[in-house]
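Novice: Next come the chains, spelled out residue by residue.
There are 6 protein chains.
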Amino acid sequence: MKKAVTFGEIMLRLAPEGYYRFIQAETFGATYGGGEANVAVSLANYGIDASFVTKLPKHEIGQAAVNSLRRYGVDTKSITRGGDRVGIYFLEKGASQRPSKVVYDRAGSSIATATKEDFNWDEIFEGVEWFHFTGITPALGDNVAEICMEACKAAKERNITISCDLNYRNKLWSKQKAGEVMGELCKYVDVCIANEEDASDVFGIKAANTDITAGKVDHEGYKDVAKQLSDRFGFSKVAITLRGSISASDNNWAAMMYDGKEYYFSKGYKMHIVDRVGGGDSFGAGLIYSTMMGYEPQDIIEYATAASCLKHTIEGDFNQVGVDEVKKLAGGDASGRVQR
Amino acid sequence: MKKAVTFGEIMLRLAPEGYYRFIQAETFGATYGGGEANVAVSLANYGIDASFVTKLPKHEIGQAAVNSLRRYGVDTKSITRGGDRVGIYFLEKGASQRPSKVVYDRAGSSIATATKEDFNWDEIFEGVEWFHFTGITPALGDNVAEICMEACKAAKERNITISCDLNYRNKLWSKQKAGEVMGELCKYVDVCIANEEDASDVFGIKAANTDITAGKVDHEGYKDVAKQLSDRFGFSKVAITLRGSISASDNNWAAMMYDGKEYYFSKGYKMHIVDRVGGGDSFGAGLIYSTMMGYEPQDIIEYATAASCLKHTIEGDFNQVGVDEVKKLAGGDASGRVQR
Amino acid sequence: MKKAVTFGEIMLRLAPEGYYRFIQAETFGATYGGGEANVAVSLANYGIDASFVTKLPKHEIGQAAVNSLRRYGVDTKSITRGGDRVGIYFLEKGASQRPSKVVYDRAGSSIATATKEDFNWDEIFEGVEWFHFTGITPALGDNVAEICMEACKAAKERNITISCDLNYRNKLWSKQKAGEVMGELCKYVDVCIANEEDASDVFGIKAANTDITAGKVDHEGYKDVAKQLSDRFGFSKVAITLRGSISASDNNWAAMMYDGKEYYFSKGYKMHIVDRVGGGDSFGAGLIYSTMMGYEPQDIIEYATAASCLKHTIEGDFNQVGVDEVKKLAGGDASGRVQR
Amino acid sequence: MKKAVTFGEIMLRLAPEGYYRFIQAETFGATYGGGEANVAVSLANYGIDASFVTKLPKHEIGQAAVNSLRRYGVDTKSITRGGDRVGIYFLEKGASQRPSKVVYDRAGSSIATATKEDFNWDEIFEGVEWFHFTGITPALGDNVAEICMEACKAAKERNITISCDLNYRNKLWSKQKAGEVMGELCKYVDVCIANEEDASDVFGIKAANTDITAGKVDHEGYKDVAKQLSDRFGFSKVAITLRGSISASDNNWAAMMYDGKEYYFSKGYKMHIVDRVGGGDSFGAGLIYSTMMGYEPQDIIEYATAASCLKHTIEGDFNQVGVDEVKKLAGGDASGRVQR
Amino acid sequence: MKKAVTFGEIMLRLAPEGYYRFIQAETFGATYGGGEANVAVSLANYGIDASFVTKLPKHEIGQAAVNSLRRYGVDTKSITRGGDRVGIYFLEKGASQRPSKVVYDRAGSSIATATKEDFNWDEIFEGVEWFHFTGITPALGDNVAEICMEACKAAKERNITISCDLNYRNKLWSKQKAGEVMGELCKYVDVCIANEEDASDVFGIKAANTDITAGKVDHEGYKDVAKQLSDRFGFSKVAITLRGSISASDNNWAAMMYDGKEYYFSKGYKMHIVDRVGGGDSFGAGLIYSTMMGYEPQDIIEYATAASCLKHTIEGDFNQVGVDEVKKLAGGDASGRVQR
Amino acid sequence: MKKAVTFGEIMLRLAPEGYYRFIQAETFGATYGGGEANVAVSLANYGIDASFVTKLPKHEIGQAAVNSLRRYGVDTKSITRGGDRVGIYFLEKGASQRPSKVVYDRAGSSIATATKEDFNWDEIFEGVEWFHFTGITPALGDNVAEICMEACKAAKERNITISCDLNYRNKLWSKQKAGEVMGELCKYVDVCIANEEDASDVFGIKAANTDITAGKVDHEGYKDVAKQLSDRFGFSKVAITLRGSISASDNNWAAMMYDGKEYYFSKGYKMHIVDRVGGGDSFGAGLIYSTMMGYEPQDIIEYATAASCLKHTIEGDFNQVGVDEVKKLAGGDASGRVQR
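Taken in order, these protein sequences are the chains called H, A, S, X, D and G.
Going by UniProt numbering, the first sequence opens with residue 1, and the numbers climb by one from there.
Going by UniProt numbering, the second sequence opens with residue 1, and the numbers climb by one from there.
Going by UniProt numbering, the third sequence opens with residue 1, and the numbers climb by one from there.
Going by UniProt numbering, the fourth sequence opens with residue 1, and the numbers climb by one from there.
Going by UniProt numbering, the fifth sequence opens with residue 1, and the numbers climb by one from there.
Going by UniProt numbering, the sixth sequence opens with residue 1, and the numbers climb by one from there.
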């Protein structure tokens with residue numbers, strides 16, 4: 001089985017049920033998620049031996065986070081136990097014209113207060129082919145950025161392919177700081193993943209003629225952004241998701257990939273949304289899987305886009321779909337007919 | 001803080017969860033609501049010192065109704081305690097071609113059996129700028145109509161602005177009776193709010209060329225209705241909501257306002273509905289708030305319409321949104337993108 | 001009261017709540033359903049004295065299945081008690097591009113292991129006007145196919161009208177076996193019901209120019225299929241449902257009927273789906289009811305289609321709607337406006 | 001199958017889940033129950049053809065009440081449909097030192113506003129052996145008391161055995177009024193059932209030396225009460241339940257019966273309570289069933305007491321136990337060992 | 001209405017439903033509580049005008065904490081809004097031999113990072129008779145201890161009675177630090193409340209001959225402790241709760257009070273526990289209320305003990321009982337009989 | 001890490017929530033469990049590298065069973081995938097005098113239809129110290145009994161310690177058949193575990209003077225049984241659980257062990273039961289763990305008994321407790337005081 005490693009934070013996600021607002025909630029659904037953990041679960045679902053690296057407290061809430069990963073087949077043996085708390089995010093699901101809302105309560109989490117000594121990358125990368133992180137990980141603090149850099153260097157030494165989802169979070173750091181830190185890390189990255197805003201937020205690279213709020217997407221603009229990213233950092237692949245936000249309930253979805261030579265655009269999907277969080281991560285995981293398996297470029301972008309389209313129909317951060325389901329949709333069957 | 005008072009009935013709302021029909025229900029969600037209470041909660045959410053006046057039994061179900069208002073910041077000190085029961089309405093949520101259904105069980109409620117002695121309007125109106133009621137309140141019985149008249153007179157003496165949502169309910173009284181009683185009360189009213197049917201049901205004023213069931217809306221017809229209402233009763237403002245009912249799941253939504261001189265039409269919204277009940281009340285509250293705050297006429301109708309558009313995405317009668325959220329939508333951002 | 005009998009299997013349906021996938025589920029909603037049971041409940045809801053015939057174990061799970069029918073007014077006195085288990089099906093509700101999924105666990109159920117001695121058709125058919133079964137019943141095993149044949153013969157002797165929904169299930173038998181067995185049974189059938197695939201699966205009769213996956217429906221093709229079915233078996237009526245599958249969340253829906261002379265097409269509906277299972281059964285029940293009541297052909301197909309359109313908004317297998325509701329929709333009011 | 005009829009009110013019971021207080025509740029469990037309906041369900045569970053007579057509104061809440069009875073096999077064909085509302089009672093479950101609390105909202109219910117014309121006792125009593133009502137029924141109003149009297153007379157003419165549970169409710173009528181009305185009705189009653197307070201409340205007959213609040217029970221006192229009741233009204237049987245209230249969570253339970261000659265005392269039970277409501281009704285049903293089946297006096301009182309002991313472990317008003325389960329406990333096996 | 005103020009932290013309480021362990025939980029019940037907030041709610045329930053002082057973030061989770069207090073009538077106008085997070089505690093309910101478990105996640109909460117400028121005690125204490133805090137408040141940090149000291153001085157200047165529940169929390173500070181800080185604060189305290197361990201943990205004052213784990217309670221030992229506390233700090237009243245821990249499900253409960261002259265012991269209760277958290281706070285609130293109302297010493301200790309006995313039957317931190325209920329139990333009726 | 005293997009069936013457990021009866025249930029809690037799987041989870045919770053061996057279908061319900069084990073750290077790599085169905089058992093929780101009820105629906109499960117080729121015991125036993133099965137496994141069918149025998153022989157060859165819980169199930173086989181098959185298997189067993197009935201049911205070895213139903217336990221009788229078992233099969237250890245069934249809610253619990261020389265009796269516990277199923281399995285797991293860790297005999301029996309005492313407070317089949325918790329109780333702290 002092919003091995004992959006992802007590194008980052010897994011948080012406790014607390015969400016009112018259905019469409020209740022925070023101030024109406026008497027219960028919270030308690031699941032766990034985070035950019036890199038979501039990717040690890042997806043890879044495990046596709047049959048990859050995926051390991052997630054983080055630090056979590058020894059108490060039961062930390063254990064529950066570990067168990068949420070084990071349940072879906074992720075290898076958790078490289079998770080360091082210690083520190084004080086599991087980061088939390090509160091999620092309120094939007095509908096129609098009312099947007100979803102996220103309240104973060106992640107400061108002081110075990111991973112945000114981790115040190116280099118917490119991780120032995122030589123052991124972690126034993127037999128591994130792929131390493132993935134996102135822009136959230138180094139944003140957790142200078143200490144974590146350093147650990148991330150250490151991981152990248154260790155991976156590079158072993159010829160492990162490195163992918164990074166830019167994933168800019170303005171609550172965690174400024175655009176300037178993000179640009180500096182990510183600029184250094186991206187030197188080690190092979191495959192760069194971004195959504196329609198990240199390239200601009202992190203590196204000031206703009207997609208021409210695209211008004212995200214209005215849900216307009218301009219293909220030529222994205223090609224330009226992908227080429228700029230590739231040229232600046234020498235990525236072997238740049239993939240960009242193209243979300244058209246009609247409302248909180250309905251989105252258009254597509255993606256493109258540039259491999260330094262050609263531009264590949266996926267089919268587009270009109271999605272009725274069950275749970276939008278983790279949409280980008282599911283795309284990244286699809287891209288990683290199909291690349292690891294040696295798919296053709298067009299098949300890679302179709303697989304990644306179909307995988308993330310399906311994610312929008314799944315409750316929770318984790319994309320609970322299998323290879324057959326993704327392939328069926330990527331192959332063109334979007335009719336949603338009952339499978340008996 | 002500006003003060004406003006609303007007067008009417010708050011009922012226990014019993015609704016099967018999700019899309020279950022009444023005869024399938026093993027549990028009922030228990031919330032509280034009613035036209036004027038809904039307006040009070042909205043005003044409190046917008047930062048107005050809103051007081052709700054009614055009568056409720058002393059027992060725990062009455063107390064729970066009081067608490068539902070206190071929780072969201074409504075002043076409940078003018079609620080008289082006594083009488084036998086809290087009115088109830090059962091609500092079954094519709095979907096697609098199946099309409100929502102309401103079964104009323106409100107006869108004999110404390111407010112419906114209240115007397116003039118239960119309310120001291122001099123105390124209630126101390127420092128108040130605005131008084132609001134709907135056509136449901138006087139429809140509860142002749143005694144309540146009289147109390148309502150007394151409140152209107154007391155308000156008028158203090159130069160309190162009075163608004164009324166016509167809100168015709170055919171289970172409570174005939175069109176003829178409604179026309180008589182509302183005709184008298186409307187003499188005191190400054191701001192009249194109505195939906196696409198009320199003017200016709202209560203006062204026989206028809207919107208030309210509009211077939212409500214078919215979801216067609218004719219602007220010229222509504223202008224005519226607004227003008228007729230304004231001319232007959234001397235309202236300083238008439239506002240009419242324009243609902244286009246595509247199905248129980250999808251509605252178009254817009255509104256217009258006439259200030260005796262000009263007609264102002266809001267933007268239109270295509271809504272995917274979470275909970276349709278209280279839609280009109282949230283419009284009235286938006287209108288009252290933006291008028292109290294001195295908004296320009298076009299901003300008033302945009303604020304009121306955006307507020308009520310958002311209400312359709314909120315579970316329960318109460319419109320749990322804040323000023324910033326309404327302004328964002330009224331300002332044109334309907335994309336529903338996640339707010340992190 | 002007019003009497004009807006249906007014969008088949010009722011299963012325990014276990015479904016994760018909302019849109020959770022099987023592997024996320026910590027609870028299952030437990031309801032009961034099955035093609036012929038669903039028809040019986042619909043008929044009872046319409047005021048027909050409907051009796052459901054099956055075999056169920058004596059234990060409490062068997063009793064719960066009986067109770068689920070009694071609750072909605074179905075006569076259960078002809079249900080034989082005995083055998084080992086209630087058949088089960090697991091249902092995962094799809095959304096958007098993700099299809100619903102059914103996992104069957106029905107082998108060895110009491111009805112699948114029943115014998116001729118378990119049913120006394122003379123008693124069962126006392127005073128009955130209509131007998132209905134579907135292609136699922138004989139597919140449960142040769143023993144059940146024989147019982148079904150016995151029932152058909154007994155019904156025919158009493159001049160009871162017999163309807164059959166072809167309802168092909170590839171997990172239960174091959175197309176070839178289905179064709180053989182159903183071919184014999186259909187000789188006794190008066191009214192044949194089918195969906196867009198059944199005629200092809202069971203009898204090799206193809207609808208020209210129709211790509212079901214793509215959601216395209218071709219009227220001329222269906223007319224041809226209906227005529228072929230009618231010609232081969234001498235059905236007095238053939239009715240075919242025409243589902244256009246946009247996604248798991250949205251379907252178009254219509255139907256047609258051929259009475260040996262004319263073709264009648266219903267209005268079409270764009271449905272937002274709450275629960276798709278039992279859609280075909282609700283159509284059959286609407287067809288049987290309106291035929292029993294002597295409706296005109298066009299009214300029959302409109303009633304049956306409107307009834308099944310409404311089913312898609314109801315949780316569970318059973319179509320919990322009444323005659324007035326169906327007629328209102330069949331009559332053209334699809335606006336979904338709140339019924340107070 | 002032996003036939004029995006009970007007559008009274010069935011109410012919608014709204015109860016917060018678990019041990020939540022009314023003012024904490026966001027949902028209510030919605031079940032249905034009432035003294036005589038509870039008896040009818042028990043009898044149906046024991047295999048008696050039990051019919052429940054009442055009046056219920058035509059709307060869906062009325063229908064849900066009907067369905068709650070049909071589900072458990074009660075014959076509902078003698079229920080008259082009409083009137084305005086289903087009576088409601090709110091139930092808060094107590095624990096330890098905190099008592100359970102009931103808030104009634106039953107005024108104006110369909111049965112409370114019924115007239116003699118609503119019931120045709122000749123049809124209702126066709127083939128019936130036993131008629132049961134409780135002191136709640138005539139307490140609903142003079143009209144209902146008259147209907148009750150009419151029923152008693154019709155039953156007596158047909159030699160139907162009549163049982164009555166005194167069941168005094170001080171919210172419905174005064175002790176004096178109860179004494180007058182019940183005194184007349186009891187002239188027709190054969191079997192009288194009472195709890196430790198009823199005889200005193202309704203007829204002023206006191207159990208000597210018994211302090212109910214303190215949980216003390218004095219056998220000699222009860223014998224005296226039973227004899228007084230029997231002597232005054234000529235009952236063939238008087239049965240009294242003996243509840244020792246340790247706390248809201250733990251009760252002692254026993255009962256006695258007097259047949260005009262001998263006194264029979266049941267075994268005593270220490271019960272850990274799941275749901276106490278309907279405890280008395282389940283005793284009555286056990287008594288009726290075992291008497292109808294011709295049990296020996298000691299077996300009757302053991303059966304009735306064991307049945308009602310089990311009721312205290314069942315959620316809801318209805319006693320969902322079968323004859324085998326009652327007999328097993330009455331026979332002495334109270335160990336609660338898992339039945340595999 | 002008499003006015004009282006309490007000061008401290010209110011936390012989000014996240015508890016798995018029923019008896020599920022943390023690692024089994026898929027949902028958390030979300031309520032709010034904390035020593036001083038719990039006292040404020042109790043006082044409001046008893047009719048005191050109770051104000052709770054704290055600092056909470058401006059976001060929706062902070063608002064939900066505010067609303068949880070408003071709902072039950074607590075005045076929240078003195079709550080400062082700002083800071084980053086709401087403190088959290090996770091609660092796992094124990095049963096039988098398995099203890100309840102609390103995981104704190106409260107570091108960095110808004111109140112723990114508050115400054116003196118956040119509170120204007122002159123305004124807060126306007127018209128106030130009583131000020132209450134617990135040993136948890138100063139344990140949140142030196143800054144909060146200073147604010148607490150400032151509050152005590154301001155209260156003392158206005159002759160406001162000050163009560164303090166020692167409430168030692170070893171996760172927040174050492175015994176030594178607690179002794180120092182509390183020693184200074186206690187100089188301002190009039191009424192001291194403690195459980196069976198606090199006096200020892202905070203001040204090294206031991207109850208002779210008492211083995212808490214074994215559930216033994218020795219009256220003479222407690223008298224000695226109370227006297228030592230009173231003598232050292234000059235408290236006008238010392239009250240100590242006496243918990244006998246049989247298991248997580250069953251506790252014995254009693255309390256004593258020393259007023260510098262006499263020792264008063266309450267009745268004892270055997271409690272079957274619904275929710276044990278907040279038991280001590282409900283005792284404090286009962287003591288404060290009954291003292292404010294001028295009860296006799298024995299009545300004070302009976303009221304406080306009965307109030308806290310009832311708390312053990314209530315879900316959540318808040319003691320949702322009224323004066324009548326407490327008096328009924330304090331008066332000796334512990335039978336738990338249904339209140340209709 | 002020490003390695004252990006258990007072999008048997010894991011079933012889907014469907015249980016109504018709380019104390020609802022089967023016929024009241026609208027939802028089933030869906031968990032997974034079975035004698036040997038329960039032991040594996042316990043061992044994993046104690047830090048043993050525990051592997052569970054079985055066969056499960058490839059579909060999602062099979063996957064959910066696998067995930068339920070992975071979630072709690074059990075190694076599932078030796079689970080063979082294939083076959084048709086996951087065995088099911090329905091569980092109704094009893095209370096007080098009403099016993100819990102189990103309805104099995106396990107015929108035809110994947111493991112019951114497995115063949116020798118499905119398992120490679122050489123691979124499975126790599127590095128393993130302990131092998132455990134129960135009397136349920138061979139009772140599933142002759143094929144499974146043969147696989148079990150093969151496993152025993154393979155284990156014996158590798159000097160793996162073998163434990164067996166007799167666990168007689170009368171629904172699966174007769175006492176005679178059980179005696180024959182188990183008699184052969186027990187020749188390979190080192191550690192024999194039994195409850196108070198198994199020795200009699202399987203081998204006809206009676207505990208003198210013990211009436212299980214009456215909850216009486218006689219120490220001398222058990223010593224005699226243990227000695228007979230040990231003498232007949234040469235077990236190195238025989239452990240017997242001693243359950244005293246007061247009611248479905250309250251049990252006494254203790255155990256004894258005989259090591260061929262001495263008899264060791266544990267402390268006794270009075271348990272208030274949350275979930276009784278898996279009580280015996282948790283005892284076995286405690287015995288295996290403490291034996292593997294080299295505990296002294298008295299400590300072994302105390303550990304095993306305390307572990308299983310705690311199990312009775314845990315929802316679900318799996319005993320979700322850790323070593324520290326068990327040791328604390330075994331060490332004598334049963335007070336259930338809150339752990340903060």
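Treat the hints with care, as some may be off.
When chains are identical, the list treats them as one kind, so a pair holds in a single copy or across two.
To be verified - No farther apart than 25 Å at their CA atoms in a straight line, the calculated lysine-lysine pairs in the BS3-like style are these:
id, residue 1, residue 2
1, Lys177, Lys187
2, Lys328, Lys101
3, Lys171, Lys327
4, Lys156, Lys58
5, Lys270, Lys327
6, Lys3, Lys327
7, Lys327, Lys101
8, Lys2, Lys270
9, Lys77, Lys3
10, Lys77, Lys156
11, Lys206, Lys3
12, Lys171, Lys328
13, Lys177, Lys153
Everything labelled a hint here was simulated from the structure, so no lab data went into it.
Note that the coordinates shown come from a computational prediction; the quantities given were computed from them, not determined experimentally.
Novice: All hints, please: hold or fail.
Specialist: Here is what the structure says about each hint:
1. Lys177 to Lys187: within (16 Å within a copy, 51 Å between copies)
2. Lys328 to Lys101: between (32 Å within a copy, 14 Å between copies)
3. Lys171 to Lys327: Between. Shortest inter-copy distance 23 Å satisfies the 25 Å Cα cut-off; intra-copy 36 Å does not.
4. Lys156 to Lys58: neither (31 Å within a copy, 38 Å between copies)
5. Lys270 to Lys327: within (18 Å within a copy, 28 Å between copies)
6. Lys3 to Lys327: within (21 Å within a copy, 39 Å between copies)
7. Lys327 to Lys101: between (32 Å within a copy, 16 Å between copies)
8. Lys2 to Lys270: neither (33 Å within a copy, 46 Å between copies)
9. Lys77 to Lys3: For Lys77 and Lys3, both the intra-copy (14 Å) and inter-copy (16 Å) Cα distances are at most 25 Å.
10. Lys77 to Lys156: within (22 Å within a copy, 31 Å between copies)
11. Lys206 to Lys3: neither (35 Å within a copy, 48 Å between copies)
12. Lys171 to Lys328: between (38 Å within a copy, 20 Å between copies)
13. Lys177 to Lys153: within (21 Å within a copy, 46 Å between copies)
Checked against the numbered hints above, the structure violates hints 4, 8 and 11; every other hint is satisfied.
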